Structures are given as C-alpha cells and as structure tokens.
Amino acid sequence: MSFGPHLLLALLEGTVTAFVLALTALGLSLVFGVMRIVNVAHGEFFMLGAVLAWAFSSLVPGMPALGFLLALVGSALVVGTVAIAADRLILRRLNYAPEATIVATIGLLYIIQQVVLTVYGPNAHPVVPPINFRVVFPWFGYSGYKLVVIGASAALLGATWYTLTRTRLGLIMRATQFDRETAQSFGIPVDRVYSAVFALGAMLAAVAGVLIVPIQQAHYLMGLDPLLLSFIVVILGGLGNLRGTVMAAFVIGLSDGVISVFFSATLAKIIATLFVALVLVVRREGLFGEKAR
Amino acid sequence: MTGATPRRDWLLHLAVIALLFGVQFVLPAYHYSNVSKIMVMASFAIGYNILIGYTGLLSLGHAMFFAAGLYGAGLTVHHLGFDPLSGFLAGLLAALCLSVAIGLVALRTAGVSFMIVTLMFAQAGYLLTLYFGEFTRGDEGFVLKENLLRVVVGDTGFNLIDPAARYNLALLLFTVCLLGSLVLVRSAVGRVLIAVRENEQRTAMLGYNAFLYKLLALVISGTMSGAAGATYALLFTYVGATFAAIQYSILPLLWVLLGGAGTTLGPLLGTLLMFYLVDVSSGQTSSYMLLVGAALIILVLWAPKGILGTLREKRIPWLP
Amino acid sequence: MDHSKKDSNTKRLIRVSRRNVIKGLGAASALTASGLVPGAMRYAQAQSSAPIKIGFQAHLTGIGAAYGRWYQRTTLAAVKLINDTGGIGGRPIELVTEDDGTDPKRGAEVVEKFATEHKVDFVFGTLFSHVVVGSAPTAGQLKMPYFVVSEGYHVASGKLNRYVFQPGITDVRSQVISMAPWVAGNLGKKVAMIFPDYAFGHDHRDFFTKAIAAQGGEAIKHIPVPATETSYTRYFAQIPAETEVIYHVMVGPGVLTFVKEMGEHFGSKRPQIFGFIDSLEAVDMASPGLEFLDGTYFWEAFPRYAQKDQSAFDKFYRQAVGVNENGAAVDDPKDVSTYSHMFGCWETLYVIKAAVEQSGYRSATPKDKAALIESVEAMTDFAESNEHPQGAKKFNGQLHQVFAHQSISKVEGGRLNVVHRTAIEDGMYEPEADYRTQSL
Amino acid sequence: MTLLVTSELSRRFGGLNAVDQVSLVLDRGEIRAIIGPNGAGKTTLVSMICGRIAPSSGGIAFEDQDITGMRPWHRVRHGIVYTFQITSIFGNLSCFDNVALAAQRSDTWATGRWWPRGHGHLAETVLAVLNRVGLSGRAAARASTLSYGHQRLLEVAIGLALKPKLLILDEPTQGLAEDEIVSFCALTRDIAREATVLLIEHNMPVVMEIADRVTVMENGRILAEGSPAEIRADAQVQKAYFGT
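Chains as they are written, first to last, in my numbering: chain A, 4 to 296; chain B, 97 to 416; chain C, 22 to 461; chain D, 682 to 925.
Just so you know, nobody snuck in bad clues.
Derived pair list, reagent style PhoX-like, types lysine-lysine, alpha-carbon separation capped at 25 Å:
1. B:Lys241 with C:Lys388
2. B:Lys241 with C:Lys164
3. C:Lys431 with C:Lys290
Between beta-carbon pairs, the in silico distance windows are:
4. A:Arg91 with D:Tyr829: 33 to 39 Å
5. A:Thr166 with D:Arg758: 50 to 56 Å
6. D:Arg874 with B:Gln297: 28 to 34 Å
7. A:Phe265 with B:Val279: 47 to 53 Å
Quick caveat, the hints were computed from the structure, so don't treat them as lab data.
Please read all numbers here as calculations on a predicted model, not as lab measurements.
All residues carry an ideal CB built from backbone N, CA and C; glycine is no exception.
Please put together the full structure from these sequences, using the hints given.
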C-alpha cells in the first residue's frame, strides 16, 4: 500500500485507540486526581466491563443492538457496584494510604481476574457488534463499528465533561480534589464523594471495555494493557487535568500508529515508548499541565 | 533509629543469616531449592527497598535492572564464553550503567511521574529483549549449558548448579545485600536518604544535593537488583524475556510492601511469604489467585505498613 | 472386570492425589487413606501395583489457560482410559497436577516440586515454549524425564538436555517446512508473512522463508507484530500489492481480533490466505466476523472437524475426550477445543506407557530412568492406532522429537475440510544435534 | 565588617512585586530583625538569600562573593542557614538524627571527606548542640512527639549544627509560651557571639530586646532601617506598622 493510504489507516486506527483510551484514562485520572490514589485494579474494571458485555449480550441472542445497550447499562452498573463495595470495604479502611492502597488494589486485581477465570473461563469470547458494516475506501476496507466506537466515545466523553464542569456533582468533586479538608469543613460528605468518584472512574473503564469488546473480544487478561496505557496518559496529561488526559490519549493513540508507519513494529513501539518517557522528563508537569503543583 | 549503640540490630541480622545457613542442613530437597531461589529474589527486593523504603522513590520499572543483570551475565556466558565470575561482573556492570543512565534522566521527575517514566523505560527494555531475538531468543529465552558454569578453584572446582553451591552462593549474595543495606541505612548516607524520603526540600536546606543522593540510591538499588538478576541467570541457568516484563517490576513492590517498606528484613519476609502463599494455595485450589488476593487485602488491612513496618510501629521500635 | 467400580476407583485416585498435594502426604499414605491399599500391604504392593506417578505441569492460569484446560481434559481422559485397561504394566497412573501460571520461573519450581515433593516418576504436559525452556534445565539437573507437548523448536534444536522429549507432537520447524511445497504449488509463490515478533514467530519466519525459496517461491515481505499489540489493522496495510499468498500465524487472546480485522481489511478482494490454526485454536469458526475466512486455508495437525474418511481411531479418541464431530466439547458445543495440539498429551502418555513397559522401569532409580530414556530413544515408528489417533509417526531418538503427517484444510461453509495431507518425510530435516551423546 | 549585601534584589510573582529592589547590608556579628506587615516580602527576601527562591533581578553577595546563582545546598556550605517559619523538622526521625543530619554535613565539609568522622565524634557534636538548646534529654525521642516549643528549639539546633555564619530565623517565637520566649532570647544572644543572626519577627518586645538593628519592610520595599530605638521613634514606621 502506498504511503498516503497507509498513513490514513494508521490515523484511523490511532483515533479509535485514542477515544477508547481517553474514556479509560479519564476514569483513572478522576480517581488519581480526586482521591490521590493509584488504582492498580483499574484495568480489571475495563476487563470486567468487556466480560460482562459478553454475558449481557448473550442474554438476548440474535438481537445484537439490544444486547449491546443492555451491556452498556448493565456492565456499568455492576462494575460501579463492585467499585463502591471495594471503596467501602477496603480503601476507606486504609484511609487511602498510598502504599497500602497499591497492595490492596493488586489484591483486588488478583481476585477479579481469578473470579472471571473461574466463572467465565480462559477463552476469548467475541461479541457481535450492534451495527456491522464495512466502510470501503479505494485502498482498503474498514470496520464501520469502529467509527461507531469513535462516535459513542466522543458522546460519553462529552457527557462526563458536562457532569464534571456544569453540574453540582462535578463542582463537589472538583472542590474535594482541590482541598479535602476545606471541602469537608464546607459540609461536603467527602466519604461519599470518594465512593462516587471511585465508582464513576470504574464505570468509565467498564464502558470503554463494553465499547471495545466487539472489536477485541473479552478475555480475562485483557486488563493489563489499558491499565499501563491509562497510567501513561494520565501522567502525560498532567495529574488531575481532565482536558490534558483526553489530549494525551490522542498523543499516545496517534503517535503509536504513525510511528509504526515508518519503523518496524517492535522498534516503533520502543521508540514511541521512549519518546513519551522523555517528554515526561522534559515536561514534568505533563504535556498539558498548566503549572507545577 | 537512635544514637544508641546499634549492636542489637546487628545481632538480629547475623542471626537471620546464621539461621539461613543452618537450615540448609535440615531442609527437605524441595524447600532447599525454594529457599535458594527466595534468597536471590529477596536480594532483588532488598535492592528495591533501598529506593522505595529508604529514599521514598516508587519505581515501576525495576525489572529492567534485574533483566540487565540477567542478560548481562547470561549473554556473555552463553555467546562470549565468559566464565561465571566474569559473567556476573558483566551483569553487575550492565545494571550499574543502566541505573546511572536511567537515574540521570528519570530522576528529573518525581512522584507518580517517576513511577510512569520508570515503567516506560522498563517496557522499552522488555521490547528490546524481544527485538534482539537473534541473541536472546526473545520470550522463549535460552538455557546456560552446565559445562559453562563450572568454577575452578585451584586444583578443584565446583559447578554452580550443584544444589549446595547454589544455596550457599545465593546465601552469599543475600548476606552481602542484607548487610550492605543495613550498613547503608545505619550510615551517614542512609540518614540523608531517609531525610530525602521524609522531606526533600528541607534536606536541600541542610546543604545536601538531594538529586545526587537520589541518584546514589537508584544506582545502589539498580545494581543490587542487577546482581540478583545475574545470580539468577548463573544459578538457575535460564534467561528469558519474562523477567523483563512488567510483572517482575510489580513483584518486588509487592514483596517489599508486604514485608514492610523501609525495614531491612521486610524484603526477605515478604518474598518468603508471597512464595509460600502461592506455593501452598496453588496446591489447595486452582483458584489460588483468589486466596493470594484476599490474603493481600487482609494483610494490608491489618498491617498497612507491611508486617515488619507495623511491628516496628507497635512493638519493636528499634527495628532497622 | 467390573468397569463401573474400576471407574470410580480411578476417579477417586485422581481426586485423592489432588488432595494429596494439599496435605503434602506421600503417595503411599494417600492410597492408604483412600482405602485402596491396606497399610500392611503397602510395601509388597509397591513392587507390583503401586501407581506410576506422573506430574502434569499445566497452564491452568496465565496466558496459556485456554490451552491448559483442554490439555487437562485430554490428559484426564487418557489417564482414565489407561487405568481402565490395566494401567501401565499393571500399575495405575496417579496423576498429580500443578499449575505453573504459564510462567517459566514457576514452571521450574513446579518441576522441582514434582521431583522432590511429590516424588513423581515423570513430568509431562508443558505447552508454552518459554515454560518448557525455563523448566528443562531443572528437569535435567534433577534427572527427571520430562515429556513436553509444546510444538516449539527447542527440543529438536539440541539446546535442551537428554531428559527432555517431545514424542507426541511435531515441532514448528517440521510443520512449517512441510507446508511449503503445497503452498507454492497450489496457492502462489509470492508470500507475505505476518507473525508475532518473538521466538515462536521468528521460527516461522526463518524456516518458512527458506522452505518456500527451496520451492522456487519467495517470502516477499515479513510483517512482525509486537508482543504487546492488541489491534492489527495497520499491519495489513504493509502487505504488498503483488502478494499472492498471505501466511499468518498468531497466538494468544488476540487471535480472533487478528483474523477478523484481516477480513475487514481485505473484504472480497484478497490474495490467497494460508494460516496456522494456532490463530484460531479454541475459537469457534462460527464466531461473528469470521465469515470472510471461507475459502482460505489452514494448517492443522489433527483435523478439528471429523472428515468423511474419519478413522476409527479419531472417532474413539473424540469419544474418550468428550469432543464432538465439530471439535467442540460434547456437553457445550460452543466450547471449542485446541484439537491440533491436545492430542499430543494423549499420545505422549501412550509413549510413556510403552517406554515403561519396554524398559522394565520399576521405580525412580537412576538405573531404571536410564533404561527408560534409552528405550524412548530407541523408538522409531508409531503406527496409527487408538494410542496414536492423529496418525502414524516417526520418532527420531537422536533429536528426542517426533515427526508426523500434517493436514491442510480449506474453510468451506464454516467447516475445515482437509484438502491435503503431507507425508511424514515432508517435515523431516537434517538433525543438528544428538542428545544420546550426553551422559545420563 | 560586611557579611551580606543584596543589591536591588527583586522578585515578581505574576504581576505582584513581592520584593522590589531591596538593597540590604548585614554586618558580621549583628542581630538584625526584619519587621513588617504580612505580605511585606520578608520571607521572600530571606528565601532568596538562602536560595530557595531565585530572584527576578538583582544580586546577592556573601563575604564579598557573588552567590546570586548559587544552589541552596552550596549556600549552606558557605554558611547561610535557614530555619523554617513552619516547623519542618523530620518528624519520623529521632532528635538525634535530625541534628546528626546537619552535624555530619558540616563535619564532611570541615574534613573535606565523603564520610563523616566516626560515630563517637558525631554523637559528641550532636549531643553538645542539643545540650546548647536545652534538649539534651530528648535525643532518642521521635521529633514529632516533642512539644511545639521544643520542635522550634530542635529547628534551631539543626541550624546550629550546620555551623552557620548567617543564621536566618523565620518567626522563631511564634506560638511559644512566655517563658520559652525568654530563654529563646538568651539563646539567640548566645548564638550571635559566633554568627550573624537575621531574624524575621512579629513580636515587637522580642525585637526591641535582642536586635542590634531593625529593618522595616512594606510592600516589598525597605521602609526604614535603624536601631530599635530609632525605629520606635520613626513616624513613618509608626504609621505603617504600629498603626498609630
């Protein structure tokens, strides 16, 4: 394939990756920003969303669109509940101490993985896309569903954006993020805000998992990759900076795709990884951080 | 940590080493071999602890230092015919150089950025081991031939894979790392590292260049991890990309936090506990990860500073 | 013989041995506890009918779990059958399973545990190459006969040791080179290869490139895919326009994505496509998105779908393992097996059985083990049979590696129909090693 | 004899001139107090002197050497020591270790070696310093367990162990009880026999009692400078600061 179409393809792929990554990372960024904890189990919420999507859509065989909508709502609710339980039962008792939280969320990661392995099995399961068509370019064909993913992610990002910036809930969250003690003295129920933030973060990951599953299949080990990428995106975007997070998702999603046009694949991954690491070193506050904390 | 005579903690550490030396005469074969391996991995954890426990820097990329030692020793012995000692030194040197280079770059960041930057460097390192598959055989890895692992001493000699040689060399590495870490944290330098962990700004106002001390800590930590990697390659004869992957960056973190970050004996305890947690529970059930996960959560709820860290807080304040 | 009773005894034996792991008791005491052997008779019995203990190193968790589950089912079926039909030389097999988490470090520890804790006679069943290579030194050092079912080119490359055998499944080098003549003759000579960018994929790259060149063809493009990749579309863009055949092989949980995205990319205007079934093991051919595979070709070691000329042995094997004629579990038709790999467990157990019986192996003494190893090394031919349902095989004792017929199947209406079966000789190559020269 | 000179030292934060062209001269051995309302730029000024904040313009000379661009840890070596306004001792460390951190640093400077002299020597120094500030019995105590007043004293002890030529004390008596203030004044006079003391202080009686000279700052500039008595009498200062 000649250079132009190749680049177009890389850009398309990068955009899909970027949108899904933005959703996942936004969840992590919220938790990171508001609660100041590193949630190692974040990728498992993504995986759980994908696996539940398979489960929900198999409840209504033959009706992929309905199954998919069911999965979107159902997975988010189930994962949100799991997250609230984890927050109440574990994280709150640890008083969100950074090191203890890391160990606890690693424990959570093991538990979620094992439960899924036992209940769901080790195989990758496909889910039929709700809308299935093939977009034909002169040089290659492209999955129409991937374009749907772009649209749906953009809508969800917009909704999250609205919630965080225009609603009372968002205001409360931002107040808590800014200064926990002050928020508490203003009568904000910080405990409940933390639970809500943790649940919302997990739900964003779960929804991203649901969106990706018709492309990527649900598998019990699929959580690691989004976890690592989300970490990178959150830091690159600037800690707790939601706009930066979304923009960083695009930098990661597109750079990986575009660099691979020029270099052999593994080398491209190495170069892209080192590049982002060096960007972080040079701009410690993240690529889009307004000022150092 | 006080100005009082530090004899008590030396006695404790020497007793632990003596115990490890002594149990080799009574351990059943399986556990004999396990403890050999645990001592090597605990040395890795001790190295990690110097950074996270005593300097307050959380790295998510220590697999790269372990792998630098592993491949530094493994490749030179396998391809260049180095003798084991030279191979070990090559591994050590590789880890040393890598940690200096990584330190100079990554230590410009702090906190979570440092976490992510180390993670990414390690990820690049992992991919490099796959990329140079021609020499490393990538994920599949390669085996060091027994005949390359013979150490000649005078007229006689021994083979590194001989169980007794393996156990005692692992113990030697562990002893050096453990006592080294004790000396370090009890020294003037260790005091500064702890000060950097507690309050970097203030430490600078005491006339210390905090960056240099962090670099020193990272280099000691990375080199120690590399020594463990080189020893692993030479004693257990397998070199593969698995050891450069992310889980071998997470594991030392887990071992150290479990045993107690910032305690000299915590890494050993955490490594030992985690190993047997997996070993025993995987015999009980095929869902052993569930047990391991639950155990981690229960432990951390009960002892959020790790076992020895909590013990030090509640019972034994003199624990180093 | 009362079959039903024997059945339940066998099951109990397996279950007991599982618990045995828990309690850390010796085998004999577990048997005593199960009431199978009265305590007083223990020693006398040990000479004649004490079980042969076989350690099964299984990928029950980690990346290999999808294969590991089917390896376990096949193994349990074979063990049950062997025990039901008189065991090995009159002694039942006691299977001890340990999970290695598909990790080479844990793999080595598991081999060690088998040898020194469970005190098994042999270890068998490992699939993933890195676990094999990571565990093999331990097996060699502990002088533990170690039978792997991995298809990697590690045993035959001569870099492992005399205690490691692969008598149940051909290695990747043999599989790959036996495909080249048919691909060049029937599909095309200009081949673009897509493979994972690590050792397994590199073996495909190196051996097939040479083999196709020997047929007058050419591998015009190598497209390695990094290990951490989850999306593949952009790699298809690198396939040159003049490509006649795409050769693909992919493993891991991403395989279905890979194949699906290949379909989306090409649509109907595609070159010939030839793949290794590894790309679709444990994947239902009826999965959404795979329709486009119709008319493409796959290497299979053992045809997943029962063919028109299905042998009686295949029929027997399917029934014993509980696999239907579509290669899926009898009790869950959506649960597709790893049919082209798992037969290796079955056949390997029968090789062990034959070796024990031929060598007069009695217990895990150096002498008996040496005799066993020499008797495996002396094996040359396995006839197609219930013991070797995949087909006749030639064993090379010098390389510790078996060679077999391979199949090429065409996807037609969501089924894989065999269009060509290679001769064993197609997959033979000049040996580069001789394990027999190593001391025991 | 002049110890420190700042020449037209300025620091802007955004649009705000926190410190605006301040030229200050300190003589060796004096106790200088800087007073002024909150936000006058006192802490910013001393932060630039000790190197925590870089100046926007202007220069600093210490013992006739330009130190404007020098990193803070080098300034400490030259004898400029800062004790924090907000107590920032190492709470998880013992008092001994807190002081030892400083003592070992000045020891290595004195000997020019990488490692401080043996433990005994260090312990002697540390205990002597603790004794001097009146904390001799608390060497083994965790610093965070000390009373607030004692923590301030420990802060000073850390500064002393660095063997300062210029010791900057940022609001040292804030939050201290009456009797603690009295002993603190005595300690400061004692320190001034070996070192120059630059003191930011709100407590006017303390300033009047111990300062040799007083500098008054307002809005980032020096408003007045003189002996305590002169400052007391200065009408401008009266208006700006004493509010009468």
